[in-house]
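Novice: Whenever a hint applies, use it, and build me the whole structure from the sequences.
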Amino acid sequence: MTAIAFEHATPHAFVDLYAADPAEDAWPAPAGHEQDADHLLPPPNAADRLGVTIDPRDERRLDLHAALTAAGIPPRPEDRYAIDQLSALPAGVNATLRRWLRHTA
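Sequential numbering from 1015 applies to the sequence shown in the working numbering.
No lab work stands behind these hints: they were computed from the structure. From the three backbone atoms N, C-alpha and C, an ideal C-beta is built for every residue, glycine too. Some hints here could point you the wrong way.
To be verified - Derived CB-CB ranges, DEER-like:
hint: 1; residue 1: Pro1057; residue 2: Tyr1095; range: 37 to 45 Å
hint: 2; residue 1: Arg1090; residue 2: Ala1061; range: 37 to 45 Å
hint: 3; residue 1: Gly1065; residue 2: Thr1110; range: 26 to 34 Å
Specialist: As structure tokens, this is what we get:
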């Protein structure tokens, strides 16, 4: 039997080029960061928040999107007009819609 070009007489060890050395820390912790933390980013600083207020209609629209998604009814792009119209209704009507959606889940 003749040897094919990729056959070798001696066995070679398998080398995983993507294996990480467990002795090395792949992501060094930032300075002043405790090692036992389970999060990668520090908590947000309330003083760094922007002082922008959101329009009540936009807030109702976002709340309605969240309520629909939480109820298992993710809004589709073609639902945007209906959600915009529902968001234009008074806050009490919007709260009632969200309450109904909460009880369906």
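Novice: Against which earlier hints does the structure fall short, listed by number upward?
Specialist: none
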